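*Asks:* Sequence:
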Amino acid sequence: MRRNRAIFTEAQPRRLGWLAYPLLILLVLAVSVALNFINNGRVNVEQVSVTVTSLPKDLEKFRILHISDLHGYEFGPNQSTISTMLKTQRCQAVCITGDVCAPDGSYDAFIKLIDLFPSIPVYFVAGDEDPEAILTTVHESDTVKADYILAAEAHGAVYLDHPEKLEVGKSTIWFMPESVYGLDIPSSRLAYQTRWNTLVTENPEMTPEVEAQLHAIAYRLDVLDAVEESLESIQSEDVQIALTHHPLSDETIITLQQWSGMDQDQFFRSVSLVLAGHYNAGQVRLPLIGALRAPRSLGGGWFPDDSQLVGLSTVQGVTQYISPGLGVSNIYPIRFRMFNTPTVTVLTLTSVLSF
852 MRRNRAIFTE AQPRRLGWLA YPLLILLVLA VSVALNFINN GRVNVEQVSV
902 TVTSLPKDLE KFRILHISDL HGYEFGPNQS TISTMLKTQR CQAVCITGDV
952 CAPDGSYDAF IKLIDLFPSI PVYFVAGDED PEAILTTVHE SDTVKADYIL
1002 AAEAHGAVYL DHPEKLEVGK STIWFMPESV YGLDIPSSRL AYQTRWNTLV
1052 TENPEMTPEV EAQLHAIAYR LDVLDAVEES LESIQSEDVQ IALTHHPLSD
1102 ETIITLQQWS GMDQDQFFRS VSLVLAGHYN AGQVRLPLIG ALRAPRSLGG
1152 GWFPDDSQLV GLSTVQGVTQ YISPGLGVSN IYPIRFRMFN TPTVTVLTLT
1202 SVLSF
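When we follow our numbering, the leftmost residue of the sequence shown carries the number 852, and every step to the right adds one.
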């Protein structure tokens, strides 16, 4: 009996030792999850300097706050976390590059974000995970704009579907929807007019469904007129900031550069900066390595080059900044951020070359 008791006494510490390893692993995982949860509630402010050749003196040190991919997240009551982080930041414009609504289409967090900037112009475009911005189906409102667009405009933001002009001193900066670059206005106008005539001819009784489509076409035609008028006003010395949700690929930039050698499309060669979002810096990142995987829209693949996903890059003389973003996107199988602090960016325009 004494011998058996001794064997049991020796075996018990060994069993407890083996049990300690999985418990330690579970503890580390639990701490990591907790810290990641806390980190995802923070907001980082990144500072980026953008060199613009021949930048007018009035626009030297012009600062743009770039925000993207909110996805309906609220960082503290009334976006107080973002507000606190921006207290010491002085910006002259805010640019929001899409995916502003929550997955269910709600937009309260987006409106609270806009309300942080009552005295600063706010420009925004819609993202691929936002509801359709322009409605072509029957709806209660008399306007063709979606509710979140109308709400944002009511709170002072500008929905960019045509160029918007901002005068700073004696200089001018244009905030442009990227869609206007390479736009064939005559062909687009003809296509809308043809569609209008077809609907009217084939639907003499004019149902609500047809009326909704006609209202959307009329709106698109008005937008084309506004784009055409704006393009005629842009001067060679003006600064152009283009907003897009999806970043421009190298191939797209090269193609637009080729098109810009033709007639009125030459203004693309004058674009100073493209602002984009969409990828949330890969959402899941590994320390010292970077993004874990690229989405299908980039061809997929493990450990992609960050230049495809986030940060500042220049292709064919066109500078693009891709925001790290604030939320999470459904383009990734993993629906959370890891080792990837939500981030907004203050971009400072300067004529000084940086090396």
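To be clear, the hints were calculated from the coordinates, so they are not data collected in a lab.
Fair warning: this is a prediction, and the values are worked out from it, not measured in the lab.
No residue lacks a Cβ here, since even glycine has one placed at the ideal position from N, Cα and C.
Just to be clear, a hint being listed does not mean it is correct.
To be verified - With beta-carbon atoms standing in for the labels, derived distance ranges:
hint	residue 1	residue 2	range
1	V1051	G892	50 to 56 angstroms
2	E1080	T1201	27 to 33 angstroms
3	S931	W1153	36 to 42 angstroms
4	A1069	D1157	39 to 45 angstroms
5	P954	E1004	33 to 39 angstroms
6	V1009	R1040	22 to 28 angstroms
7	I1182	R1046	30 to 36 angstroms
8	P928	T987	32 to 38 angstroms
9	P928	M1057	46 to 52 angstroms
10	S1087	A1042	29 to 35 angstroms
11	P928	S1087	28 to 34 angstroms
*Asks:* Taking the Cβ atom of V1009 and the Cβ atom of R1040, is their distance within the range 22 to 28 angstroms?
*Replies:* Roughly 23 angstroms apart at Cβ, these two residues keep to the hinted range, so it holds.
*Asks:* Using the C-beta atoms of P954 and E1004, is the stated range 33 to 39 angstroms upheld?
*Replies:* Distance hint for P954, E1004 is violated at roughly 23 angstroms.
*Asks:* Holds or violated: 28 to 34 angstroms for the Cβ distance of P928 and S1087?
*Replies:* Once the Cβ atoms are compared, 47 angstroms apart, the range 28 to 34 angstroms for S1087 and P928 is violated.
*Asks:* Confirm or reject the claim that I1182 and R1046 have a C-beta distance inside 30 to 36 angstroms.
*Replies:* At roughly 31 angstroms between Cβ atoms, R1046 and I1182 fall inside 30 to 36 angstroms, so the hint holds.
*Asks:* For the pair P928 and M1057, does the Cβ-Cβ distance stay inside 46 to 52 angstroms?
*Replies:* holds (48 angstroms)
*Asks:* Quick check on a hinted range of 32 to 38 angstroms for P928 and T987, using CB atoms only.
*Replies:* holds (37 angstroms)
*Asks:* Could one say that the CB atoms of V1051 and G892 fall in the range 50 to 56 angstroms?
*Replies:* holds (53 angstroms)
*Asks:* Take the C-beta atom of A1069 and the C-beta atom of D1157, compute their distance, and say whether it sits inside 39 to 45 angstroms.
*Replies:* holds (44 angstroms)
*Asks:* At the C-beta level, are S931 and W1153 separated by a distance inside 36 to 42 angstroms?
*Replies:* Roughly 38 angstroms apart at Cβ, these two residues keep to the hinted range, so it holds.
*Asks:* Check the following: the C-beta atoms of E1080 and T1201 are separated by a distance inside 27 to 33 angstroms.
*Replies:* holds (31 angstroms)
*Asks:* Using the C-beta atoms of S1087 and A1042, is the stated range 29 to 35 angstroms upheld?
*Replies:* holds (30 angstroms)
Hint compliance for this structure: hints 5, 11 are broken, all remaining hints hold.
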